[in-house]
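Q: Residue strings, one per chain:
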Amino acid sequence: MKPVNQRAWLLILPVLVCVAFSAIIPLMTVVNYSVQDIISPERRIFVGTEWFIAVMRDPDLHEALWRQIVFSTAVLACEIPLGILLALSMPTHGWRASITLVIVALSLLIPWNVVGTIWQIFGRADIGLMGAVLKFVHIEYNYTGNASHAWLTVLLMDVWHWTPLVALLCYAGLRSIPDAYYQAARIDGASKLDVFRFIQLPKMRGVLIIAVLLRFMDSFMIYTEPFVLTGGGPGNATTFLSQYLTQKAVGQFDLGPAAAFSLIYFLIILLLCFILYNWMLRVGTQTGK
Amino acid sequence: MSRLQLCEVAKSEGAEVHLHPINLSPQANAITVLLGATLAGKTSLMRLMAGLDVPTSGRVLVDDVDVTGIPVRKRNVAMVYQQFINYPSLTVYDNIASPLKLRRASDIDAVVRRLAKRLHIDAFLQRFPAELSGGQQQRVALARALAKHASLILLDEPLVNLDFKLREELRDELAQLFSAGQSTVIYATTDPGEALLLGGYTAVLKEGRLLQYGPTVDVFRRPASLDVALAFSDPPLNVVSAQALGDGWKLDQGPVVNLPGLRTMHSQVTLGLRAASLRVEKQQGDVTISGQVQLAEISGADSFVHFQCALGEWVMQKPGVHTFALGESLMFCFDPSDAFVFDSEGGLLSAPLLLHERSAFLGIKN
Amino acid sequence: MASRIDLDLAHAYQANPQKDSDYALLPLQISFLAGGAYALLGPSGCGKTTMLNLMSGLIRPSQGSVLFDGVDVTDKSPQERNIAQVFQFPVIYDTMTVAENLAFPLRNRRMKEAEIRKRVEHVAEMLELSAQLKQRASGLTADAKQKISLGRGLVRSDVSAILFDEPLTVIDPHLKWQLRRKLKEVHQELKLTLVYVTHDQVEALTFAQEVVVMARGKALQTGTAEALFEKPAHSFVGHFIGSPGMNFLTGEIADQALIYGDRRLRLSNAQAHSLKGLKHIKLGIRPEYVSVQPEASEDSLPAQVEKVQDLGTSMLLTINCAGQSLRARLPLTQLRIDVGTTVHINILGNRTCFYHNEELVL
Numbered sequence: 001m002k003p004v005n006q007r008a009w010l011l012i013l014p015v016l017v018c019v020a021f022s023a024i025i026p027l028m029t030v031v032n033y034s035v036q037d038i039i040s041p042e043r044r045i046f047v048g049t050e051w052f053i054a055v056m057r058d059p060d061l062h063e064a065l066w067r068q069i070v071f072s073t074a075v076l077a078c079e080i081p082l083g084i085l086l087a088l089s090m091p092t093h094g095w096r097a098s099i100t101l102v103i104v105a106l107s108l109l110i111p112w113n114v115v116g117t118i119w120q121i122f123g124r125a126d127i128g129l130m131g132a133v134l135k136f137v138h139i140e141y142n143y144t145g146n147a148s149h150a151w152l153t154v155l156l157m158d159v160w161h162w163t164p165l166v167a168l169l170c171y172a173g174l175r176s177i178p179d180a181y182y183q184a185a186r187i188d189g190a191s192k193l194d195v196f197r198f199i200q201l202p203k204m205r206g207v208l209i210i211a212v213l214l215r216f217m218d219s220f221m222i223y224t225e226p227f228v229l230t231g232g233g234p235g236n237a238t239t240f241l242s243q244y245l246t247q248k249a250v251g252q253f254d255l256g257p258a259a260a261f262s263l264i265y266f267l268i269i270l271l272l273c274f275i276l277y278n279w280m281l282r283v284g285t286q287t288g289k
Numbered sequence: 001m002s003r004l005q006l007c008e009v010a011k012s013e014g015a016e017v018h019l020h021p022i023n024l025s026p027q028a029n030a031i032t033v034l035l036g037a038t039l040a041g042k043t044s045l046m047r048l049m050a051g052l053d054v055p056t057s058g059r060v061l062v063d064d065v066d067v068t069g070i071p072v073r074k075r076n077v078a079m080v081y082q083q084f085i086n087y088p089s090l091t092v093y094d095n096i097a098s099p100l101k102l103r104r105a106s107d108i109d110a111v112v113r114r115l116a117k118r119l120h121i122d123a124f125l126q127r128f129p130a131e132l133s134g135g136q137q138q139r140v141a142l143a144r145a146l147a148k149h150a151s152l153i154l155l156d157e158p159l160v161n162l163d164f165k166l167r168e169e170l171r172d173e174l175a176q177l178f179s180a181g182q183s184t185v186i187y188a189t190t191d192p193g194e195a196l197l198l199g200g201y202t203a204v205l206k207e208g209r210l211l212q213y214g215p216t217v218d219v220f221r222r223p224a225s226l227d228v229a230l231a232f233s234d235p236p237l238n239v240v241s242a243q244a245l246g247d248g249w250k251l252d253q254g255p256v257v258n259l260p261g262l263r264t265m266h267s268q269v270t271l272g273l274r275a276a277s278l279r280v281e282k283q284q285g286d287v288t289i290s291g292q293v294q295l296a297e298i299s300g301a302d303s304f305v306h307f308q309c310a311l312g313e314w315v316m317q318k319p320g321v322h323t324f325a326l327g328e329s330l331m332f333c334f335d336p337s338d339a340f341v342f343d344s345e346g347g348l349l350s351a352p353l354l355l356h357e358r359s360a361f362l363g364i365k366n
Numbered sequence: 001m002a003s004r005i006d007l008d009l010a011h012a013y014q015a016n017p018q019k020d021s022d023y024a025l026l027p028l029q030i031s032f033l034a035g036g037a038y039a040l041l042g043p044s045g046c047g048k049t050t051m052l053n054l055m056s057g058l059i060r061p062s063q064g065s066v067l068f069d070g071v072d073v074t075d076k077s078p079q080e081r082n083i084a085q086v087f088q089f090p091v092i093y094d095t096m097t098v099a100e101n102l103a104f105p106l107r108n109r110r111m112k113e114a115e116i117r118k119r120v121e122h123v124a125e126m127l128e129l130s131a132q133l134k135q136r137a138s139g140l141t142a143d144a145k146q147k148i149s150l151g152r153g154l155v156r157s158d159v160s161a162i163l164f165d166e167p168l169t170v171i172d173p174h175l176k177w178q179l180r181r182k183l184k185e186v187h188q189e190l191k192l193t194l195v196y197v198t199h200d201q202v203e204a205l206t207f208a209q210e211v212v213v214m215a216r217g218k219a220l221q222t223g224t225a226e227a228l229f230e231k232p233a234h235s236f237v238g239h240f241i242g243s244p245g246m247n248f249l250t251g252e253i254a255d256q257a258l259i260y261g262d263r264r265l266r267l268s269n270a271q272a273h274s275l276k277g278l279k280h281i282k283l284g285i286r287p288e289y290v291s292v293q294p295e296a297s298e299d300s301l302p303a304q305v306e307k308v309q310d311l312g313t314s315m316l317l318t319i320n321c322a323g324q325s326l327r328a329r330l331p332l333t334q335l336r337i338d339v340g341t342t343v344h345i346n347i348l349g350n351r352t353c354f355y356h357n358e359e360l361v362l
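Protein chains in written order, with this note's numbering: chain A, 1 to 289; chain B, 1 to 366; chain C, 1 to 362.
These are calculated hints, taken from the structure and not from any lab test.
Where a beta carbon is used, it is the ideal one built from N, C-alpha and C, also for glycine.
What follows is a set of in silico ranges between Cβ atoms, one per label pair, in the way DEER data are often shown:
id : chain 1 : residue 1 : chain 2 : residue 2 : range
1  : C       : Asp299    : B       : Gly261    : 36 to 44 Å
2  : C       : Val339    : B       : His322    : 27 to 35 Å
3  : B       : Ser89     : C       : Met111    : 52 to 60 Å
Generate coordinates for the entire structure from the input sequences, incorporating the hints supplied.
A: What follows is the structure, given as structure tokens:
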């Protein structure tokens, strides 16, 4: 009947091949490993769901998961409000806006292990600025020995590194609000807080969803920065989920449980993102019809 | 040059029907106006004509060749949109030259300058579209469409985003540009006044159906149905139903009128009166109704008086500037032979004759 | 209380304006009487929105003053001036219901809840929004949202003036006339000072008691619809008002007569007296007032019919008289006229206006 051009499929064949090679096949490999006990490359035994059950019963894993959840919540709680505040205070036009945008975005450009190294040095009492200042004002600070200090430092590092992303997203959202809304609010006699609550925040809903989801997913998978900064220590105070997973898979070569856990990890993130997304779509839309 | 024919084309998206099967053969090398309200199917139909969409059923023929599946790139079509679409990173000169370059035409410079002069944008050839006003941007889009030398030019409400006065000027220019008769022009609009000003032929669309197609003046004077008359009236058509009563017709909530020219078996009809048929000065044979003024819209040359009467909310068109107080009571008069009469299904039974037609009819020489 | 607004100002883009094009608004003096309905009419870029924003206080004039009831408010904010403004697209608070939207300005003034509710209900009834008071404002149609924007202005009983910036732009055409009617009813009931900016002459002429026609930063004429139509003070006004606008023909004055093309048309004594001393003159005749006759008469000029357009309720002729083109609008009851026929027109009727340097002289 109507000639449909099938040649378009040929154009995306290279992409399909790449994605298959780099994502789908490795994922299937992980699934494969997760249901086998690999004693040696020659001896593999199918064990079904044994690894999944073992993983879910592992107390170390539960601790790492708990640490991770607390961390991600803290990250969101700090970065989202800070990002919004930063976006609100950035200039809106002219050369000032361009310079501010560049300065704000600088921390996003730094390779992640370099970020870890920067903070590692920053926190040292002998050669680091922060460490030296804190020593000067006689505040006790030791991120390698004290667990809560280590936590705080990792949190601070993450906030320093990623708040600009939230700020940039919110800035874009704010720029899209037409001037007439602000003018109408002035005429209505609204206070600055009212303007934020009733105009800016609702209109930023779209970008905030993106910001929250991105930051949540990234912080839940965080590996490089805490690894470089604290190595997971002191003890396992800052060993988050991905580091725990790597220790298991690479360190101990327990591929089976590691693979099983990878899949569970993937599903946890998916579930939490789904919940967050639906909640954010609905929040503030309940009153009335 | 090229004749476009649409045979039973229909378009649905899932359960939603955008267009019911339509048969339309726009007059070649003339301007056809697609008239209808928003969402009547004008844009869907234009996209099918251009080849941007494939119809769910039916065929599109150009010069008797079936082009139904052929994508728009291969067809000889130019399109102008509502939103002043130009290439933002090219200057005006490059914008107009782009179809010529694609065609590898010779003499690009001369053609571009000629078109720019014709559309009064020759002073802006080195500027970018973003630096121009809305009207100028639309002229650039038009010049680009004309440069393509397409046999089919589609314009989708191109003037709707422009100022009132600018719209008038561009409309005149468009009518002149396309009167040369080198391409088939399809122009979509929601404004009946625009259809009348452009002339040519008109296709009236409503809710995805083609109601009538013919020379514009014919469609205006003899609408095939009540729907066509309603779509092709601005201000809105005044409508009232009537029941046969003896020799005359009793208007719903109104007096009895005589419709001498009407011969029909139906006992229930609908009368439609254009706003211009109403007046305040009573003439012989007029029917009068009292009403209360709701609003007088002044357009400079005419005043449109919206009033509430027993027959409903009606509008009267009165030449000149007239202000009425809100709520003022007036007597409105009309000659029943000025009414369009439709049967109960909406089909046309009789349409009023113009004065000179009437005189000719009665055998009186003017 | 509806206020009288007096403007005696100019507004320039930069500090030291040297020439006319540096000004967004050339120096002007205009008064808007209390309780009157006014329209600012003009093409895009003529300065009408600038004038509106100067009145509302969103912009401060670079020179001059704004007076409300004789009090200088040039430095006061929109809140302090107590005005309300309705914008091109509906500006509503998405997260609130209709009732909360309407109550917002009153809540900011710390009015008592019971009074707020009464006021909101009264305004909602006037605007026919009573049925939707509990609905979320973001789910409504564009014209309902514009009514809410308007309602937020009306809800303050002491609002000094309501300013409209092309408010019907996003409204469906068939709903526009309903909103226009609503605006006129509101004006009649509340007797507020209303200033309406538009480029659509139908809206301006319908809504306003007096219309200010503007172009390129200059206020050209202020008058009623009739005055603007019959006696435009500037040729631009003649061109802008009316669809199609006024026809303009050029001619010369010599010895008590008008030289047009190769014809000499006699002027009356009064006309000759007013036009004394002027050489080049422009005649303005509205298409509705061009008298077209099939036969020649005294003082008539022959012309060729170039185009005939049937407008449904009237006929529009484009005719060429001695090389100059003009249009005539004739009722359909006249005889059919075909392209190419010669007709006879009279250009010196009593509705003809004379312009010198674009300004009306007679």
